Amino acid sequence: MRYFIGIDIGTQSTKALLTDAGGKIVAQHSSGYRPDNPKPLWAEQWPSVWCDAVETCIAACTRAAREAGIAANEIAAVAISSLYGGSGIPVDESMTPLYPCLIWMDRRATDQVEWVRRHVDLERLQRISGNGVDSYYGFTKMLWLREHEPQVWAKTRYLLPPNAYLAYLLTGELAVDHSSAGNIGGVYDIAARAWSEEALSMLGIPAAMMPERLVESTDIVGRLLPEWSERLGLQAGTPIVAGGVDAAVATFAAGATRTGQHVAMIGTSMCWGYIDQHVDAARGLVAMPHVLNGRRDLYVFGGAISAGASVAWYRDQFCHEEIEAARATAHGDPHRLLEESAARVPAGCEGIVFLPYLMGERSPIWDAQASGAFVGLNLVHTRSHLYRAVLEGVAFALMHNIEAGRRGAGEPALDERLIVVGGAAHSDLWMQIIADVTGYPVFTIEQEVEAAMGAALLAALGVGAVTHEDAQRGWVSLRERARPDAARREVYARHFDVYKALYPALMPSMHRLREAR
Numbered sequence: 001m002r003y004f005i006g007i008d009i010g011t012q013s014t015k016a017l018l019t020d021a022g023g024k025i026v027a028q029h030s031s032g033y034r035p036d037n038p039k040p041l042w043a044e045q046w047p048s049v050w051c052d053a054v055e056t057c058i059a060a061c062t063r064a065a066r067e068a069g070i071a072a073n074e075i076a077a078v079a080i081s082s083l084y085g086g087s088g089i090p091v092d093e094s095m096t097p098l099y100p101c102l103i104w105m106d107r108r109a110t111d112q113v114e115w116v117r118r119h120v121d122l123e124r125l126q127r128i129s130g131n132g133v134d135s136y137y138g139f140t141k142m143l144w145l146r147e148h149e150p151q152v153w154a155k156t157r158y159l160l161p162p163n164a165y166l167a168y169l170l171t172g173e174l175a176v177d178h179s180s181a182g183n184i185g186g187v188y189d190i191a192a193r194a195w196s197e198e199a200l201s202m203l204g205i206p207a208a209m210m211p212e213r214l215v216e217s218t219d220i221v222g223r224l225l226p227e228w229s230e231r232l233g234l235q236a237g238t239p240i241v242a243g244g245v246d247a248a249v250a251t252f253a254a255g256a257t258r259t260g261q262h263v264a265m266i267g268t269s270m271c272w273g274y275i276d277q278h279v280d281a282a283r284g285l286v287a288m289p290h291v292l293n294g295r296r297d298l299y300v301f302g303g304a305i306s307a308g309a310s311v312a313w314y315r316d317q318f319c320h321e322e323i324e325a326a327r328a329t330a331h332g333d334p335h336r337l338l339e340e341s342a343a344r345v346p347a348g349c350e351g352i353v354f355l356p357y358l359m360g361e362r363s364p365i366w367d368a369q370a371s372g373a374f375v376g377l378n379l380v381h382t383r384s385h386l387y388r389a390v391l392e393g394v395a396f397a398l399m400h401n402i403e404a405g406r407r408g409a410g411e412p413a414l415d416e417r418l419i420v421v422g423g424a425a426h427s428d429l430w431m432q433i434i435a436d437v438t439g440y441p442v443f444t445i446e447q448e449v450e451a452a453m454g455a456a457l458l459a460a461l462g463v464g465a466v467t468h469e470d471a472q473r474g475w476v477s478l479r480e481r482a483r484p485d486a487a488r489r490e491v492y493a494r495h496f497d498v499y500k501a502l503y504p505a506l507m508p509s510m511h512r513l514r515e516a517r
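Note that UniProt numbering gives residue 493 to position 493 of the sequence shown, counting from 1, and the numbers run on in steps of one.
Careful, some of the hints might be misleading.
List of simulated lysine to any residue pairs, SDA-like, C-alpha gap at most 20 Å [unchecked claim]: (1) LYS24 - ARG66; (2) LYS500 - TRP366; (3) LYS155 - ARG66.
It should be emphasised that the hints constitute simulated quantities derived from the structure, not laboratory data. Since the structure is predicted, the reported quantities are computational estimates derived from the model, not experimental observations.
Full structure from sequences and hints, please.
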């Protein structure tokens with residue numbers, strides 16, 4: 001029997017799991033942390049945090065494997081999924097990190113966005129990359145490093161996505177998978193599936209900072225170095241498979257492998273994406289090669305920066321009573337108490353709409369200076385109304401992206417069901433709200449392991465332990481969680497129209513408030 005480890009390096013935790021060749025989970029482990037936010041709209045992480053978490057999680061899985069009678073030589077491969085690393089990790093000639101990685105949610109590069117708009121042929125850049133210009137994209141964060149950290153920039157040899165950096169540490173081999181390269185935007189030619197010398201020249205980013213070797217997500221980057229063997233409980237020489245960006249890997253794990261299948265990953269952020277072969281930057285969505293059939297298929301997605309983060313923010317700031325009450329219960333989860341009361345609030349929260357722009361916003365509005373808001377408050381409203389409004393606001397953000405995707409794919413091209421993965425899938429109320437807002441029946445996956453499971457499947461595919469057809473069918477089981485209710489759908493359609501109108505109306509005031517700080 002052969003076994004596989006899938007790793008998912010996330011924004012707030014790293015997860016690893018060990019599966020057999022049929023996807024049965026033998027062991028799993030997670031390790032939590034938080035990104036650093038030294039200033040408003042900044043979000044960064046030192047890679048040592050990820051390295052320690054990966055080591056902890058793999059070692060825990062292999063320890064459990066030994067206890068189950070599984071030998072190290074039976075673990076056939078490891079693959080790495082990771083959060084979108086934004087700027088990438090700047091490393092010097094000795095591959096030592098020089099500065100924290102400016103991760104996906106960091107929005108400090110606003111001035112660099114304006115520089116690009118003034119000095120670069122935007123139409124040409126978008127045609128090359130298939131993506132727009134925003135401080136979300138890694139290439140604008142690279143420009144921030146160039147301008148604000150010139151000593152770091154002068155010493156930088158490479159800018160590495162998190163999964164590529166971890167694979168290098170484990171193998172001594174350097175490679176970047178195409179999904180991670182494409183998600184940087186700007187510097188990657190999405191049609192040629194290669195770094196763009198032309199775009200790099202336009203932006204003034206040295207081409208030498210981009211690792212030469214680009215690989216498929218199922219390719220073996222290298223083999224585990226002997227010095228890691230005892231620390232991880234793996235055999236030296238174990239293949240390390242490239243993996244890819246977590247949203248695409250989670251979409252793959254959920255079984256989205258053909259044109260039109262679409263998945264919403266709702267964790268700290270929200271990414272809704274579908275599989276296609278064409279891209280148009282004017283849609284306001286992000287495009288990258290998919291982690292399966294990446295030479296042909298694109299993963300096209302839109303996302304809200306603060307999805308689950310909005311819920312966590314509201315809970316932590318305003319729900320201390322529920323947090324304390326939950327500690328006295330067997331489950332210890334304040335969200336259960338919050339949802340019980342929010343479920344009694346009617347759809348539409350009796351006139352409240354929440355804008356979940358707590359760290360600016362990505363697609364489709366692309367505004368780093370957008371800010372969150374509750375609109376419609378009056379004396380009848382309670383904390384339960386506001387909690388439900390947060391859930392509804394994220395669902396509206398999801399629908400906003402689905403609308404943008406339909407403009408590109410054409411509504412008939414999208415599947416008639418929506419798959420939701422991530423922490424939000426634990427909430428029955430939220431799944432029903434999403435069904436009612438979007439009009440799609442909502443399905444979730446039984447195993448609740450998302451990107452880590454997708455990485456394990458990529459590992460198995462990378463060493464030929466499963467066929468391409470097996471990979472397309474996937475390892476997870478789907479179950480239906482919610483169907484849209486016609487009456488609530490009508491209420492939400494009216495509220496969604498209000499939601500879309502609020503940002504254009506409030507945008508000037510949002511920007512003035514940012515400038516007034």
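Taking the hints in turn, this is what the structure says about them:
1. LYS24 - ARG66: Answer holds: LYS24 to ARG66 is near 16 Å, not above 20 Å.
2. LYS500 - TRP366: At roughly 14 Å apart (the allowed maximum being 20 Å), TRP366 and LYS500 satisfy the hint.
3. LYS155 - ARG66: violated (43 Å)
Checked against the numbered hints above, the structure violates only hint 3.
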